[in-house]
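Here is how the chains run, residue by residue.
There are 4 protein chains.
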Amino acid sequence: MKPLWIPAAILLVLPQAQSAPRVVRYEATITNVKYVYGVADPVGRLRAGDVLESNSLDCFGNVIRKPGDTMALVKGDNPLTGPFYIEGAEPGDTLAVKILDLQVDGTQGVGALAPGFGALNKTNYTPMLNPDLPERVWFYPIDKATNTAIFKANDSGHTVRIPLHPFLGCLGTAPPGGESRMSITPGEWGGNMDSPQASAGHTVYLPVSVAGAMLYFGDGHAAQGEGEVAGTGIEVAMRVRLSVDVLKGRKIKWPRFENDRSIMALGAYRPVDDALRIAFTELIAWIHEDYGMSELDAYELLGKVGRVDLNEMVDPNYVVVAVVDKSYLPPKTRR
Amino acid sequence: MKPLWIPAAILLVLPQAQSAPRVVRYEATITNVKYVYGVADPVGRLRAGDVLESNSLDCFGNVIRKPGDTMALVKGDNPLTGPFYIEGAEPGDTLAVKILDLQVDGTQGVGALAPGFGALNKTNYTPMLNPDLPERVWFYPIDKATNTAIFKANDSGHTVRIPLHPFLGCLGTAPPGGESRMSITPGEWGGNMDSPQASAGHTVYLPVSVAGAMLYFGDGHAAQGEGEVAGTGIEVAMRVRLSVDVLKGRKIKWPRFENDRSIMALGAYRPVDDALRIAFTELIAWIHEDYGMSELDAYELLGKVGRVDLNEMVDPNYVVVAVVDKSYLPPKTRR
Amino acid sequence: MKPLWIPAAILLVLPQAQSAPRVVRYEATITNVKYVYGVADPVGRLRAGDVLESNSLDCFGNVIRKPGDTMALVKGDNPLTGPFYIEGAEPGDTLAVKILDLQVDGTQGVGALAPGFGALNKTNYTPMLNPDLPERVWFYPIDKATNTAIFKANDSGHTVRIPLHPFLGCLGTAPPGGESRMSITPGEWGGNMDSPQASAGHTVYLPVSVAGAMLYFGDGHAAQGEGEVAGTGIEVAMRVRLSVDVLKGRKIKWPRFENDRSIMALGAYRPVDDALRIAFTELIAWIHEDYGMSELDAYELLGKVGRVDLNEMVDPNYVVVAVVDKSYLPPKTRR
Amino acid sequence: MKPLWIPAAILLVLPQAQSAPRVVRYEATITNVKYVYGVADPVGRLRAGDVLESNSLDCFGNVIRKPGDTMALVKGDNPLTGPFYIEGAEPGDTLAVKILDLQVDGTQGVGALAPGFGALNKTNYTPMLNPDLPERVWFYPIDKATNTAIFKANDSGHTVRIPLHPFLGCLGTAPPGGESRMSITPGEWGGNMDSPQASAGHTVYLPVSVAGAMLYFGDGHAAQGEGEVAGTGIEVAMRVRLSVDVLKGRKIKWPRFENDRSIMALGAYRPVDDALRIAFTELIAWIHEDYGMSELDAYELLGKVGRVDLNEMVDPNYVVVAVVDKSYLPPKTRR
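These protein sequence lines are chains A, B, C and D, in that order. Okay, so the first sequence: first residue is 1 according to my numbering, each after it adds one. Okay, so the second sequence: first residue is 1 according to my numbering, each after it adds one. Okay, so the third sequence: first residue is 1 according to my numbering, each after it adds one. Okay, so the fourth sequence: first residue is 1 according to my numbering, each after it adds one.
Hints listed in this document are in silico derivations from the structure and should not be mistaken for laboratory results. Be careful, since some hints might not be right.
Heads up, the list lumps identical chains together, so a pair's fine if it works in one copy or across two of them.
Capping the alpha-carbon separation at 30 Å, the derived lysine-lysine pairs in DSSO-like fashion look like this [claimed, not checked]:
(1) 326 with 251
(2) 332 with 152
(3) 248 with 66
(4) 144 with 66
(5) 326 with 253
(6) 98 with 152
(7) 152 with 248
(8) 66 with 251
(9) 98 with 332
(10) 332 with 251
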């Protein structure tokens with residue numbers, strides 16, 4: 001049976017056995033990526049339960065390949081795969097994206113110190129009169145046998161292996177309020193969250209603000225330190241396998257994550273203080289509404305067992321994820 | 001042989017076999033605690049290598065004991081044990097405090113929501129016109145058999161066990177610049193860091209700013225969530241066993257921690273952004289000076305494997321600890 | 001000669017004597033306003049030198065008219081007049097908007113305390129668990145004879161006159177990077193700057209990020225305190241008279257203002273600290289490039305004679321304007 | 001009658017006619033200044049109504065005198081004159097300091113760019129990895145005939161006159177809570193507020209936290225830009241004439257200012273956002289308690305007529321003064 005191709009012959013929908021989910025395939029290339037989260041012509045349409053098999057380019061559009069390649073080659077940051085129109089998703093619903101599998105798509109990752117980007121140097125939004133830091137690039141060979149990336153110092157012989165933890169730095173929907181937002185920015189719509197939580201085994205909940213939700217993703221990281229302080233993770237192209245679901249009539253204001261162990265709420269703005277306030281008040285609301293604890297009991301409990309994951313302090317908005325293990329919560333009261 | 005008692009007959013120095021460290025004992029009570037880090041008459045003197053066996057009151061001075069006890073009973077926050085004069089410590093040296101053992105001193109801990117204190121409500125330094133939250137207290141029975149504390153919700157029947165991780169919320173020396181600082185505040189001198197890193201198995205490095213360093217500690221926590229968002233940990237009195245050493249001629253600006261796995265640098269101020277900048281620039285300086293990596297290589301590496309521990313976002317200054325595992329670093333080049 | 005009407009018969013271009021500027025008239029109503037800065041079908045086209053005579057609705061869409069009217073009546077915040085396509089404006093140019101005259105369009109202004117909006121209460125981006133403040137509305141009769149608005153206390157008999165200083169809270173172009181931004185937000189494109197500098201006698205310089213620049217305005221204020229701390233100015237509909245010019249090949253990153261006395265640079269983000277850093281580094285760049293002072297001399301001089309205007313600390317991004325009087329600068333070296 | 005000399009023969013109390021205030025004279029020199037606000041042996045005692053005629057050294061201890069003098073010569077920042085014990089002042093009272101006259105004490109002022117200090121460069125508490133700015137000094141001849149200081153550019157021939165507005169950058173009492181604080185820091189006790197409001201014609205209200213209040217002052221500025229962005233004002237030694245009064249039983253948490261036109265409340269911390277929240281909630285409390293307006297009416301009114309003076313964004317804590325003109329307030333209800 002012939003596959004079913006859609007725009008530019010790049011979207012493939014595979015027929016499946018009755019009980020198996022439908023698999024949709026889509027191949028992102030530099031000619032079909034986007035640089036803005038917003039309403040755009042969809043590159044494909046997904047139904048609740050569908051599995052999408054696709055890929056993403058790295059945050060540089062895959063152009064930094066060898067020593068001597070510079071940021072000047074980059075045509076746009078964080079090229080995005082998508083958007084995918086999710087059938088039946090309406091404003092006020094929640095889009096649940098289950099990340100099934102992420103595999104580094106290539107044999108090396110890239111890290112870069114780009115002047116004006118980073119937590120410990122002057123930036124566009126924290127400008128200073130001090131001189132710039134120099135531009136620098138580091139290459140990270142990916143060793144799939146050991147599931148590691150290899151750091152090699154530029155200024156000495158030090159080299160060390162870093163375990164892979166592949167995740168999507170960018171994952172988002174069309175923003176609320178009719179906005180379109182650059183792929184470099186995180187916010188209510190998700191976006192450039194740089195959340196290691198966007199990895200296999202996690203469900204990512206995103207607000208639906210427009211008909212079809214408009215799902216985008218990209219900016220794969222093979223691994224990343226907390227805070228992403230130097231401005232990049234180990235930037236890689238990625239093979240992506242995920243499924244989508246729509247929670248009808250469930251409204252959330254900010255992205256959320258869930259895995260077997262924990263529930264997690266995200267906040268994004270500046271300073272970190274306010275990102276944390278958003279994340280924790282969202283998490284308390286979640287615990288209150290779905291697990292039946294009072295707000296003050298939830299607040300107290302988080303003061304004793306809550307965890308903070310500062311995803312990044314380098315993008316235009318900073319991202320904090322507030323985490324609590326389900327084992328500390330009463331049984332869920334809302335389905 | 002008779003023990004050697006000093007001021008108020010509360011300091012006991014035990015003679016030891018040749019090779020064993022000298023053990024000094026001191027008992028803190030509500031009548032000998034302090035509420036300020038600074039220069040004061042020492043309650044005892046310690047030599048490099050000495051082991052101190054002592055105790056601390058809880059952050060409320062042990063007065064919140066049963067339902068109905070309110071914050072109005074508290075005479076002063078964070079009563080401190082000390083100061084101990086460290087023989088041979090001079091400005092420009094570093095005091096190394098090795099935490100040998102911490103045991104909860106009692107059968108229950110206390111958590112409290114005190115209006116004006118917390119990350120998610122208005123405070124003295126983030127005042128708002130919104131109405132106050134109510135004052136609330138939670139009691140946490142300590143179960144030493146299972147090494148847990150028990151959370152019991154106020155507004156529902158939910159109850160859950162929390163593993164103990166005892167640490168000293170307060171640990172510090174006399175501040176630099178001739179300052180004396182309230183026991184509620186963290187800063188260059190350590191102080192109310194609320195760092196879970198101040199626990200058994202860790203060495204805490206503190207700047208020495210005055211002759212004798214003047215070591216204080218207190219504010220034991222049986223456990224605490226990251227960020228301590230509701231304003232308290234599980235507040236307990238503590239039995240404390242630690243040893244001290246002096247690193248002559250080693251100058252640090254901010255507290256540092258070390259254990260078998262990691263090195264860790266602390267920053268404290270507002271907003272969290274600046275606390276993080278302090279912590280990570282200090283950690284990079286440490287890596288550069290002691291492990292021989294260039295600053296830019298260290299910056300890049302931390303962007304890939306660094307960790308952020310937001311100790312608290314509730315005290316007058318907020319505390320971030322930047323962490324890197326030694327396994328990622330080259331061999332130490334400076335002793 | 002017949003006037004020339006364009007879309008919806010609402011744009012009127014008046015023929016003029018040779019030397020006089022062309023006057024274009026446009027009437028904004030609730031049916032033709034926009035709620036997003038971005039690329040949209042223009043409601044009119046202006047040439048350099050044209051004078052636009054138009055109007056704007058108040059920030060509530062003119063629906064809060066009498067005691068008992070509540071925020072629930074408001075369909076969207078800050079309805080915008082426009083966009084106007086400016087002939088010849090290309091990305092990399094600067095749009096100069098000269099504000100010729102602003103007159104309050106009506107007989108009363110409105111102030112409102114909307115829970116979740118304001119500098120001294122919890123907000124969407126600084127959420128707290130404290131209870132909300134109540135919603136409140138104040139009406140300000142406009143007395144054109146004395147050029148004042150009248151404040152009348154809600155909870156007492158106090159009443160006092162406030163001198164009018166009419167300005168446009170919203171003034172902006174399409175944002176850079178392909179973004180569309182809600183009319184509530186200020187940024188590089190101008191937007192909801194709430195700058196009293198957007199008043200008669202000032203020229204407002206805005207970055208041109210798309211062909212035609214796309215000029216929008218609205219959110220008239222009859223007067224406003226610095227910081228706009230309670231969340232609103234004296235909100236009014238406005239009669240607007242302005243002219244436009246295009247500075248070809250002059251690229252600016254952030255809005256700027258100029259009047260006879262001063263040059264002024266704007267920064268917008270959170271916290272205020274970073275908005276100030278943007279504003280002052282922009283002002284130093286301006287002084288350096290156009291007036292020939294070195295950056296360090298300009299920095300020093302601003303430390304002695306610079307002024308700070310905190311326009312607002314209530315919108316999603318906070319706005320600081322850095323000001324220096326031309327009398328302190330050397331003669332302009334660049335035209 | 002002989003003058004009455006106290007410690008080091010430097011305090012002179014002049015007998016006065018019955019109705020005139022007693023005049024106390026005290027001469028500060030580099031050998032009797034202090035570098036910490038706190039409890040110390042007083043250099044003199046003042047009674048309510050006394051006039052103090054004294055002086056202060058400049059913030060560098062008067063050591064930067066000629067080109068080539070560097071920051072390395074400075075023994076301590078902000079040497080303070082005092083403390084003066086105020087008879088009858090007890091914790092919970094308010095000390096009112098009326099500034100009668102300030103005269104620049106010398107013929108030149110100094111401005112300096114000290115690496116690590118300033119709003120637009122990396123600092124101790126906003127550290128960055130970017131390279132330092134160079135150290136620079138500017139000298140400002142004081143022309144008493146025209147009441148101006150003369151700015152002379154370092155890198156060009158530009159020179160311009162700046163009107164004098166002499167004020168005391170430092171003015172404070174012993175801090176609350178038993179703290180001693182460095183003379184570089186502003187806070188509840190006043191301290192290094194860098195407030196142009198501490199000038200002739202203003203009354204400065206300071207909290208009394210210890211018996212005798214312990215009044216200190218110093219750090220005269222001949223003029224200063226708002227925000228003091230480059231890190232210094234026009235730093236000068238000062239001749240000081242002030243009188244003191246004690247408001248028994250009036251407790252304030254933060255410094256306040258008053259002149260014929262306005263009442264003003266100060267907040268100090270980081271980020272600027274929180275300093276502003278402190279200043280405005282204090283001003284609203286003042287209006288509510290002394291002028292009888294409800295808090296919400298006062299909030300609304302300040303949103304329309306309030307002013308913000310960002311005194312400085314360079315010291316360890318940032319200082320905001322919230323201002324309202326008395327002409328907007330109802331008659332005072334509390335004396």
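Consistency of the hints with the structure:
1. When the C-alpha separation of residue 326 and residue 251 is checked against a cutoff of 30 Å, the pair qualifies only within one copy, where the shortest distance is 21 Å, while the shortest distance between copies is 44 Å.
2. In this homomeric assembly, residue 332 and residue 152 come within 30 Å of each other (Cα to Cα) only across copies, at 17 Å, whereas the closest approach inside a single copy is 47 Å.
3. Taking identical chains as interchangeable, the C-alpha atoms of residue 248 and residue 66 are never at most 30 Å apart, the minima being 47 Å within one chain and 39 Å between chains.
4. For the identical chains of this complex, residue 144 and residue 66 are intra-copy neighbours only, at 20 Å inside a copy versus 58 Å across copies, given an alpha-carbon limit of 30 Å.
5. For the identical chains of this complex, residue 326 and residue 253 are intra-copy neighbours only, at 21 Å inside a copy versus 40 Å across copies, given an alpha-carbon limit of 30 Å.
6. In this homomeric assembly, residue 98 and residue 152 never come within 30 Å of each other (Cα to Cα): the closest approach is 34 Å inside a single copy and 34 Å across copies.
7. Within a single copy, residue 152 and residue 248 get their C-alpha atoms no closer than 48 Å, and across copies no closer than 34 Å, so neither meets the 30 Å cut-off.
8. With identical chains, the CA atoms of residue 66 and residue 251 are never at most 30 Å apart, being 46 Å at best within one copy and 33 Å at best between copies.
9. Proximity of residue 98 and residue 332 under a CA criterion of 30 Å is satisfied intra-copy only: 20 Å inside one chain copy versus 43 Å between copies.
10. When the C-alpha separation of residue 332 and residue 251 is checked against a cutoff of 30 Å, the pair qualifies only within one copy, where the shortest distance is 18 Å, while the shortest distance between copies is 50 Å.
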